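J.: The chain contents come next:
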Amino acid sequence: MSPLTYILGWPLLGAALVALTPRNYRFVIRTVALFTTLVSMLLAVKMFVQFQTGIATPQFVQKVPWVESLGISYYVGVDGLNVGLVLMGAIVAFAATCMSWEIKTREKEFYFLLLTMISGILGAFASLDIFFLYFFHELALIPTFIMIGVWGRGEEKNYATFQITLYLTIGALLALVGLIVLYIQSGAQTFDMLELTRHIQANPLSVNAQNLIFPFLLFGFGILVSLWPFHTWAPLGYGSAPTPTAMLHAGVLKKFGLYGLLRLAFPLLPDAAHGWLNIIAILCLGNILYVGLVAIRQKQLHMLIGNSSVAHMGFIFLGLASLNLVGVTGAVVIMVAHGFLAALSFGLGGYLFQATGTFEMKEWGGLMKKMPFIGAAFVMAAMAGCGLPGFANFVGEVMVFFAAWKTFPVATIFALWGGLVIGAVYMLRAVRAVAHGPLPGKWAELTDAGLWRKVPFIILLGSLIIFGCVPRLLTDKIRPNAEEIVKMATRTAAPKIEPVTVGLGK
Amino acid sequence: MNSSLILEIAVTILALALLLADLWTPRNLKRYLGYAAAAGTGLILLGSFAWNPDPGSSAFDTMYVLDPLALYFKRFFLFAGVAVLLIGVEFSDRFVTGVTEFSVLVLFALCGMLFAASANDFILVFVSLELITVTFYVLNSFQRTRLVSLEAGVKYLILGALSTAFTVYGIALIFGTTGHTNFQQIAALTGNMTNKPVFILGLLMVLAGLGFKIAAFPFQMWAPDVYQGSPTPATAFLAVGSKAAGIVLLLRVLFIAVPAVAVDWTKLLMVMSGITILYGNLCALPQRNLKRLLGYSSIAQAGYLLLGVTAMSAAGNSSVLFYLTGYLFTVLAAFMVIAIVTRGVDGEDVSALAGLHQRSPLLATALTLSMVSLAGIPPLAGFFGKFLLLKSVLERGAIQPACYWLVGVALVGIVISFYYYLGVVRAIFWSENSGSNERISISWPSRAVLLVCIGGMLYLGLMPNRVVNASVQAVQVLKPTSMPRAVVRF
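Protein chains in written order, with numbering that gives the first Met the number 0: chain A, 0 to 505; chain B, 0 to 489.
Note that these hints are calculated values from the structure, not bench results. This structure is a prediction, so every number in the text was calculated from the model and none was measured. The reader is advised that the hints may include incorrect statements.
[As the list claims (entries may be wrong)] Here are the in silico distance ranges between beta carbons for each label pair:
1) A:N157 <-> B:K195: 55 to 61 Å
2) A:L387 <-> B:L450: 54 to 60 Å
3) A:L415 <-> B:L267: 56 to 62 Å
4) B:L461 <-> A:G365: 50 to 56 Å
5) A:V27 <-> B:I439: 21 to 27 Å
6) A:L165 <-> B:S350: 32 to 38 Å
7) B:A447 <-> A:V454: 44 to 50 Å
8) B:W50 <-> A:N157: 35 to 41 Å
9) B:P54 <-> A:S68: 17 to 23 Å
10) B:I439 <-> A:V469: 25 to 31 Å
Cβ coordinates follow ideal geometry from the N, Cα and C atoms, glycine included.
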């Protein structure tokens, strides 16, 4: 059995145990959830340490045939592209479970959904089979909607639930159609990613087929990642979501779309992708500049964090669109780093909300005096968000900027402007409004987080700093696979011309 | 005696024995006859698994065939019969009289369905459809003191009679133009029949009759009212058995009797499927009555089933079978829960579900899983079924681009359906005011049915391999002609 099966299996086991526990045993339910996610995190760390650098083939694989006639198998494994994501997912999952103390009603259902979602998330990133990739993603997505709808906060909760469900379901279904058509058109009769990749390398898809499939994948996955202009579900959705859900979705699950584009759309459909690169570069500026400017205007912390997390997606898109080794590696690094950062910011925001009962930044001020730890963590999160060296985000963003300069110089200038200036403006404003200044009298009773409450923040901050100071831990692992992806995506040999049987695309 | 008819004979004997036993059974013990009926049907179902008939066997001069497809559906109907009989027992205190007669009528309808699974001749199509429909006239109006039940019965009677008239007129026209009623003999002729308008008109009328059975647009008008008004077990049987009988007959007529015409009708079926999906899902949105909601949802599900038919391929047909099997467990679980929950409550409003997770975790789990499966959410049967259907239609898309639009419509339908299916789940777990908090007691046979249905939904979703293989094998007798051997690539 692959350790990955255990990593995603433990939370699933936890979900089953929670379902069988009577609802009054709150302590048992919480302990089960914390224990299973802790085990899963430790296993993920162990796997990350044992991962052999410099090999492009997946490691820790396990393959069990599931439906042979369609070529579907339960197939998990990690290579450079997803090993960091699985690790990040497991760490954020544990941190999010720690933060679930804020849930006080119907805990049994909440923990059941949370653990199911965690298992789905980890499964989606660990899967090397396209069917299971989608299966696990969907398994994680539905609990998200329910959690926002039931335990969400704020007046616009129902609207937010409605919007996020509609957007993400449509996005996921578009991607599904794209994936099925990819399967059919490849003629490989398998959902196994590696085999499919090999098959398509040997028999590239015709340009017409690629042009048909790529938009489905780009917009399907794009909606899931809140690509501008399909991002409007994100800030409000995250703002209304309970803290653990926002941490998991914004931090981990959202990266699924990027992962899908990186792993499937760009390398398997290179000719179609080339036609879209310029458009992607422009759309990603929408994320960086437009959403960044929107973030500046926010008066409530959760909306600010939500918008900033959408803005950060722009950098990843820019890195992907640059389609060279440095850019793709940088994009993967930001995916991991932003996972920690988003979880940290939403966690801190949720903590402040629990302590004060509001998200209005003008109500706060000087909280650093009463909460030195939370305040310091918040400042560090803001600094990481502006791309300060020492945090993992800096590494990725620098790589993306260097890489993108070659292909999109103009877009890079704007992106730099957005990243350095706009990002700094809203982050520093938030720091000033929350942590510094005079302390309003009504918060005189506030106390800092206790030791247990600090755990999730320490883990997340620690991860950000470790990968910020020793980025080789990630980049060395990513490199062989990024090279492979870039080689496939920039393949220039014209694909075989086949007779066109239908009018579509002509 | 021809041994291929053994299942139908056994069911008939069981029904007649029950009628006789009813004469000597004291009134207060009569509900146990329902259990006996269910046990007998269950034994027949188990026996059918032990029985390995020759795949080519037939009866009545090949009017009746016993191929793998027939056997697949016979087992399907027998399982539905067991569950419906047990729902009937749960429901029996709401009948004024005729508790046993209800079970007997269910068995007769079941017998009709078993015949429909084997129909290889338009005469048998008509006879089996009539056996099903006529018994349903009675079953639907069985609560004869309730006005809505009578209304349901009358509506079903009028529209059912109309559809029967269509079917029989259609069969007459087909016979008139070809001189045959046997599917194989017609198939041998259809190559040069496709341009004969009278023949096509006849087929269209048969299609209308079958469309009525499966509640596909534009023959769906009766479904919501009848579903709402009929006694719950009758509704369940209507939703599962009658619809599946319509589907198997549709598959047989299209792909055995007139494969050449079926290809020409792809567009027609696509339009039917698309509108059925949209109509069912959109109309289900505002519903508050559970049975009415399931009525509209069953229209939408008929649309999804037609998706697989429009694929005109073996993959499409087998996905129809897989989807139906998932639908069987899902819908039976839902109706069983409804029958139990509405005991002592007037009407079937969604609010009756409030606090169900505290009153009975098993019922809450069963209904939740069934809604989640209908919505097509992993890891349940409905997800994999919808995946197979969409895949088969997208395969067809390479030769018929309109299929992409049909898939688009189906996706819109799926998104819409999330709202009302999850609305039911919401009512179970998160209603503010729960009416009563007393625990609901469930008899052990009903408990067993619920557990089997839950197991079936999970099994089909988590380990679909065996059922997929079985359905692929079953549809080998259907030969859609249009499907090219290899997928056409752009």
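J.: None of the hints should be skipped; say for each whether it holds.
T.: Now the hints, each set against the structure:
Distance hint check: the CB atoms of A:N157 and B:K195 are about 58 Å apart, consistent with the given range 55 to 61 Å. Between A:L387 and B:L450 the beta carbon distance is about 57 Å. The supplied range of 54 to 60 Å therefore holds. For A:L415 paired with B:L267, a C-beta distance near 58 Å keeps the hint of 56 to 62 Å intact. Between B:L461 and A:G365, the C-beta spacing of about 54 Å keeps the proposed range 50 to 56 Å intact.
Taken as a hint, the range 21 to 27 Å holds for the pair A:V27 and B:I439, whose Cβ atoms sit roughly 26 Å apart. A:L165 and B:S350 have their C-beta atoms about 26 Å apart, which leaves the hinted 32 to 38 Å range violated. Taking 44 to 50 Å as the suggested C-beta distance range, the pair B:A447 and A:V454 conforms, at roughly 46 Å. The beta-carbon spacing between B:W50 and A:N157, approximately 55 Å, falls outside the hinted interval of 35 to 41 Å.
Between B:P54 and A:S68 the Cβ separation comes to about 20 Å, which falls inside the hinted range of 17 to 23 Å. Taking the beta carbon of each, B:I439 and A:V469 are about 59 Å apart, not inside 25 to 31 Å as hinted.
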